[in-house]
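A.B. asks: Can you build the whole structure from these sequences, using the hints too?
Chains as they are written, first to last, in my numbering: chain A, 1 to 325; chain B, 326 to 454; chain C, 455 to 1117; chain D, 1118 to 1264; chain E, 1265 to 1524.
I should point out that these hints are in silico values taken from the structure, not numbers from a laboratory.
Check each hint, because a few of them may be wrong.
[What the hints assert, rightly or not] Selected chain D positions facing chain C (in silico; Cβ < 7 Å): (1) V1130; (2) N1151; (3) A1154; (4) K1157; (5) R1166; (6) N1168; (7) F1171; (8) A1180; (9) Y1201.
[As the list claims (entries may be wrong)] Taking lysine to aspartate or glutamate pairs in the DMTMM-like style, the calculated list, with each CA pair at most 25 Å apart, reads: (10) K1500(E) with E362(B); (11) K853(C) with E375(B); (12) K64(A) with E1062(C); (13) K1511(E) with D437(B); (14) K1117(C) with E1124(D); (15) K925(C) with E1505(E); (16) K1331(E) with E174(A); (17) K223(A) with E1062(C); (18) K1049(C) with E673(C); (19) K1126(D) with E567(C); (20) K10(A) with D51(A); (21) K1465(E) with E380(B); (22) K64(A) with D1067(C); (23) K1471(E) with E362(B); (24) K67(A) with E300(A); (25) K1471(E) with D932(C); (26) K428(B) with E1467(E); (27) K981(C) with D1192(D); (28) K964(C) with D1192(D); (29) K1049(C) with E288(A); (30) K1364(E) with E334(B); (31) K186(A) with D1372(E); (32) K454(B) with E1464(E); (33) K376(B) with D888(C).
[What the hints assert, rightly or not] Quick list of the computed label-pair ranges, beta carbon to beta carbon: (34) T1434(E) with K758(C): 41 to 47 Å; (35) N972(C) with Q422(B): 50 to 56 Å; (36) G850(C) with A453(B): 30 to 36 Å; (37) A1426(E) with V144(A): 46 to 52 Å; (38) C1305(E) with T133(A): 54 to 60 Å; (39) G850(C) with G70(A): 51 to 57 Å; (40) T1434(E) with H910(C): 31 to 37 Å.
Given the structure is predicted, the values throughout are model-derived calculations rather than measurements.
Every residue, glycine too, gets a C-beta built ideally from N, C-alpha and C.
If you want the building blocks of each chain, they are given just below.
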Amino acid sequence: MQDKMIARAKELLRDGAVNRVLGWKTGEFVYDITPAVFTSAEELDRDFVFDAFTAANLSKYLVKESKKEGKVLAFLKPCDSYSFQQLIKEHRVDRENVYIVGIPCEGKVDIEALKARGISGITAIEETADAVTVKTVYDEDITVAKQDVLFERCVNCKSKKVVICDEMLGENGEIVDSDRFDAVAKLEAMTPDERFAFWQNELSRCIRCNACRNVCPACTCEKCVFDNVNSGVEHKVAANSFEESLFHIIRAYHVAGRCTDCGECSRVCPQHIPLHLLNRKFIKDMNELYGEYQAGADTETRPPLVNFSMDDCEPSIVYQRGGNA
Amino acid sequence: MENKANLKEQILTASGVNPLKCMRCGKCSATCPSYDEMEYHPHQFVYMVEKGNIEPLLQSESLYTCLTCFACVERCPRNVQPAKLVEAVRLAVIREQGANHLKPQDIPALLDPDLPQQAIVSAFRKYAK
Amino acid sequence: MQRIGVFVCWCGSNIAATVDVQRVAEELKKEPGVVFSADYQYMCSESGQNLIKDAIKEHALTGVVICSCSPRMHENTFRKAAASVGLNPYMVEIANIREQCSWIHKDKATGTEKAIILGRAAIAKVHLNAPLIAGESPVTKRALVIGGGIAGIQTALDIAEAGFEVDIVEKSPTIGGKMAQLDKTFPTLDCSACILTPKMVEAAQQEKIKIYSYSEIDEVKGFVGNFSVKIRRKARYVKEDICTGCGLCTEKCPQKKVPNEFNMGMDNRRAIYIPFAQAVPKVATIDPNYCTMLKTGKCGVCSKICGVKAIDYTQQDEIVEAKYGAIVVATGFNPISPAKFDEFAYSQSPDVVTSLEYERLMNAAGPTNGTLLRPSDGKHPHTIVFVQCVGSRCDGAEKGKPYCSKVCCMYTAKHAMLTREKYPDTDVYVFYIDVRTPGKNFDEFYRRAVEEYNVHYIKGMVGKVVPENGKLKVQAADLLSNEQLHIDADMVVLATAVEPDPSARSLATKLTASMDTNDFFTEAHPKLRPVESPTAGVFLSGMCQGPKDIPETVSQASAAAAKVIGLLVKDKLVGNPCVAHSDELLCNGCSSCEKVCPYGAITYSDKEFRMPDRTTALRRVAAVNPAVCQGCGACTVACPSGAMDLFGFSNNQIMAEVDAICK
Amino acid sequence: MQVENKEFKPLIVAFCCNWCSYAGADLAGTNRLNYPADVKIIRVPCSCRVNPMFILRAFQRGADGVIICGCHPGDCHYTTGNYYARRRMTALFSMLDYLGIEKGRTRVEWVSAAEGQRFAETMNSFVSTIISLGENKRLEDLRCKTK
Amino acid sequence: MVFSYYPGCTLKTKAKDLDKYARASAEALGVTLEELPDWQCCGGVYPIAKDEIATKLSSVRALNRSKELGRDLITVCSACHNVIKQVNHDMQTDENIVAKVANYMKLDAPYRGETNVIHYLEMLRDKVGFDTIREKAVNPLKGKKIAAYYGCLLLRPSSVMAFDDPENPTIMEDLITALGAEPVRYSMRNECCGAYTTLEKKEIAQKKSNAVLASAEANGAEMVITACPLCLYNLKKNATEHDVPVKYFTEVLAEALGIA
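C.D. replies: Below, the structure is given as structure tokens:
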């Protein structure tokens, strides 16, 4: 796939259809991937990478890139395409300045999962439909079942369909039946005390590095409320271990109805806080109470929180549902 | 009294009908093809069940003359679905031990060489449990 | 830092009995920024107000907190007092220590403590108050009435009488609406045309009224006092100012097979037509769907025959743009199609008709010249069955309309009565669920139908109509005698439900006026503001707001006119300064705010910004029109970036109150 | 009826819309219908003005309960404001519950300008709920509380 | 086009013609009907009561089998169609029934109404198309005045059956037109024939059937067609005052297609 992508990128660059390419390149380690902009065939040949580690969602970069001179080529995975379409819906990107090549995705590998299996010193990764093989500095090839080392968001993939693109490289997939709400349901089934303990344990680890916010494709505000002295919730570090939850509640609320559930927040969290479980709670609630809604699936449907129906349930429904009292 | 309330409750649950939706227009009875064969008519079923006055319905032949043609269900402006109530009352009768309206031994006398067995099966479903 | 004065009112003993007012004044004096604090028996009295005014002057106060009764009582009083000595009225905040404190707490210590906290919250808020100046906007002294039925005509006439210009936009070639199609009106049985047509003529002749017939609304921009409207004058292919309405063309046109909508399609008109004899304007119109000349380029009979050369086959739609101070919606209604209720066999027999069709069959200008004849064979019917509530009072959208259409009971009584009067040999049955006749002389009218005219009113519904051998076999229930009736009728008349005109939905969008689930326009308040829409400057007249008979429609039409006149006499409108505003530097351009705004007060535009790195960038940002915004604040919460805020109730002000209370 | 409890005096913030609930609170006062002084009312133009951040802020600063009152659905002075508020608060409350915050600490009630009695009853019932839940420890920021 | 096919008991005995011509016509129209293995009697009438479970199982078995085969399910008898379609609707909308049925039948995955239940007439209209039928009607029934009799079960309750306009259906008239004949519209075509009352209250069935045929004849019908064996029986045997011939719609279809 990587070769096909490079070839296609070169073609588009050569034809002048685009003047730069948004993709991924390897950092210090093979699994240390960063998004990057390429402007020449040489750069592409040298640095462009696409493999089981290229998990980063590129859509957010297009907010800035699409405002620049000339057209940019962006490779979008299914997840990224939802985010991108949501950004179009919010008028955050200039669609005509972006040439999108959709690429299928069979899930991305979580380096932490590999490490947890005692695999280290990785120098290369290869994947098949259901397995990945890594080469290590110890000169051994280790093959593991893909399912065991994927990111949680990929195990519970919601869609393999690229929802917006100018062309598809490879075959487009379908929306899939996902068990992504099972973990939320499990939490809901706990007692409030257990839930409180769970979240206190998780959120107290937050070091307020803002990685979740900075990676989130829904967090593209010109100025974040947490950086704005006039918002009343401006940046502050935690005094109480649980106080950080307010940051996360407010953040989750701010992206509610706009979050496409791309899972980047949890992927980048250095403290491994399952932040996506907050966003998914909102998505699950709104699906159940106001009808199915997938942010980024189209550009027309009104998001549930800027919509209503006269016979909506009352907030007291919360007393009856979701979790033990 | 308690039994009466229970019976009403049972009939409402089994039928899924809310008789309070009825606005008493009588269109069910206006449309009923079996009207003349019935002692109690569809609109009366609705009203009597609502009032808990179910005993006369249990005794009535009307239960077995409803054709289940769904015309009352289709044409009711209020979505009351009287046929479902009739069915629920009928079940309340024939589900009792020995209360079957149609018994297997009655069948041979009723047969006719051209009669499709669909008629027998249907009648059994309607008249016996 | 503000210089704040605190004024604690005793309200006689109303406050002072359960709140230690002196202590409240003393405690609040200690709050930062408070430079003056006093208590007084009656702050709202003239001497109380003087105390406030003097303190403002003497201590150069920049903010005032009054601890007193509810702001709903005296906020305006105190604001005016402050303004009279030069302090911006929006620098005054009220702490409600009467209704929400002294009157509900018996224990003085409790009351005092709470009063102090409420005072602190008000002080915290005043610290963040900023002077607000209400915007003013000029008023265009001209009104637009959309719809030229009796509602629109009456509204326009009343407005014009008061001396203001009014334009009527009517989508069909003539004004007059549904009332023009009616034969008689209940309960007096006046001839509908006889009372309507003089009004139509009056509207045409009134200098202040301009009628745009055969025209539609394309676009509405602006806000109360300053609407800008694009009106599409559809091509009628006849020069309206030249045509004399002689009607010669409508007799000579060779295309004779056009269903005549004025007679509900029960007879035909020509492709060039004048809807009816008293049409206003009395001008011919060519129907482009049927005109052979327009369709094939061959014919031209009307053009040849026209003595004044009024025909113009090349005419195009024309867009007129005009400014208005107020808009009245009078789009009226239509009877629903009974096709969904084919148990009544409407689509199976021409002798099953709707009430409006029956109206035309009874009318002297109708397809049968007023002789009641069956559409199928032109024979006189002897048995007529009227069915009430067809499509009204239904459960669920697929069944029909959930509401009572209100006028059917009365017009059916009218039809039954008139039929019996003209043709005493007919048997007339009316099947009803309830007979609803509230209204002056209404029930008396219905009783006359029963008692004097022997109309058979039967409590029950018709279940099935079977056309067979030239008869309509009607199967119905008579609930009172508990029998199923089988009537061999010659005609069946269906009292079909009314529904808002289908054009209303798109018009509502253009006006940002809200509608209920049945597509009736909603009023600003169901009881107290029944002729205003929640959108400022948009008023409602007639059936577009809900089912109504003619007297009610005319009353509402005049009421709407009175409201319009009240608006147009003003030279300027003073707005509410507590409106939303968007910080362009923070705005993402996401449109969330626009979606939740019930007034369409928010617009987006691309603006050029200088970025921190000295480049310029085009960004899409929201702007609030303060003249349209009503200050609800829905947008402030929908805004993810915090760019949207509300003057008078800003995020910071409310948070400051929260903080003060939670100290 | 006033709820008496010497041990624990809860702190309760009530956001009331100007047109219905604030007027309803005034009517409760005019009719001298008692409810605990623990309830402090903040006037907002409409229930749709209530930002979830205000509610979180109140809890953070030590409030034990927050109640939002608005016009009955369908009666909003601004036509649709309370419909949006209803969704926003449902979503927020459900999230708070999900985080293990006691469900009873937040409530939405629709109170019209004519319902003084209902306002007082609502506040009495809310205060007794909060008293039974006790002090809000889970969502307050110790740094900010001076009690 | 391959579909699962549910014939129903009567089609194996008294209504063999309905079945025979349905299969033959399908074949001529390029449609393969695979008879569902081990189907059971649908019960003849839909068990209306919400607490009836066992009486719905035979329908669910057929539906679930068809789901496993991954095919739409074709019915031809009106009664079977009504029962199976209504049960399928229950399975789509009533979680309680779904759960109970899954327990009863020890299903691996609960059946939630995934199978499409299509009446043979709907297949002709929506899958084959009346235009195709018109082309393939080698033996058009020119000049024949045929009245369609729908009865109750195909149409009602329309919210579930979604077959056609319940008060003014056109599907059979359109078929008749496609076959080259002239459809006769009459109002009694959606009124009940008397159904199972023929068993013990024959006078009801006679009254109803006579009324139907009176209406059809009054409007000039020379033949009546139907999709239901019991309707056919009632109209033939119980409409004592009328002798207009009554046939299954599949018979005239086959005739026009040149098979019969």
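A.B. asks: Tell me if A1154(D) is really an interface residue toward chain C, meaning its C-beta lies closer than 7 Å to one of theirs.
C.D. replies: The hint holds - A1154(D) has a Cβ within 7 Å of chain C, the shortest such distance being about 4 Å.
A.B. asks: Can the restraint linking K1126(D) and E567(C) be considered satisfied, given a maximum Cα separation of 25 Å?
C.D. replies: Holds. K1126(D) to E567(C) sits at ~13 Å (cutoff 25 Å).
A.B. asks: If you take the shortest Cβ to Cβ gap from V1130(D) to chain C, is it below 7 Å?
C.D. replies: Holds, about 6 Å.
A.B. asks: Determine whether the Cβ-Cβ distance between A1426(E) and V144(A) falls within the hinted range of 46 to 52 Å.
C.D. replies: Holds, since A1426(E) and V144(A) (Cβ atoms, about 50 Å apart) stay within the stated range.
A.B. asks: Taking 25 Å as the top limit, are the C-alpha atoms of K64(A) and D1067(C) close enough?
C.D. replies: holds (14 Å)
A.B. asks: If you draw a straight line from the CA of K1117(C) to the CA of E1124(D), is it 25 Å or shorter?
C.D. replies: Holds: K1117(C) and E1124(D) sit about 19 Å apart, inside 25 Å.
A.B. asks: For the pair supplied as a hint, K186(A) and D1372(E), confirm whether the alpha-carbon distance does not exceed 25 Å.
C.D. replies: holds (23 Å)
A.B. asks: Given the hint that K64(A) pairs with E1062(C), test it: the Cα-Cα distance must not exceed 25 Å.
C.D. replies: holds (16 Å)
A.B. asks: What's the verdict on K10(A) and D51(A), does the C-alpha distance respect the 25 Å limit or exceed it?
C.D. replies: holds (18 Å)
A.B. asks: Assuming the hint says 50 to 56 Å, is it satisfied by the Cβ distance from N972(C) to Q422(B) or not?
C.D. replies: 52 Å Cβ-Cβ, so the 50 to 56 Å window holds.
A.B. asks: For the pair supplied as a hint, K1500(E) and E362(B), confirm whether the alpha-carbon distance does not exceed 25 Å.
C.D. replies: holds (22 Å)
A.B. asks: Does the alpha-carbon distance linking K223(A) and E1062(C) stay inside the 25 Å limit?
C.D. replies: holds (17 Å)
Every hint, counting from the list given before, is met by this structure.
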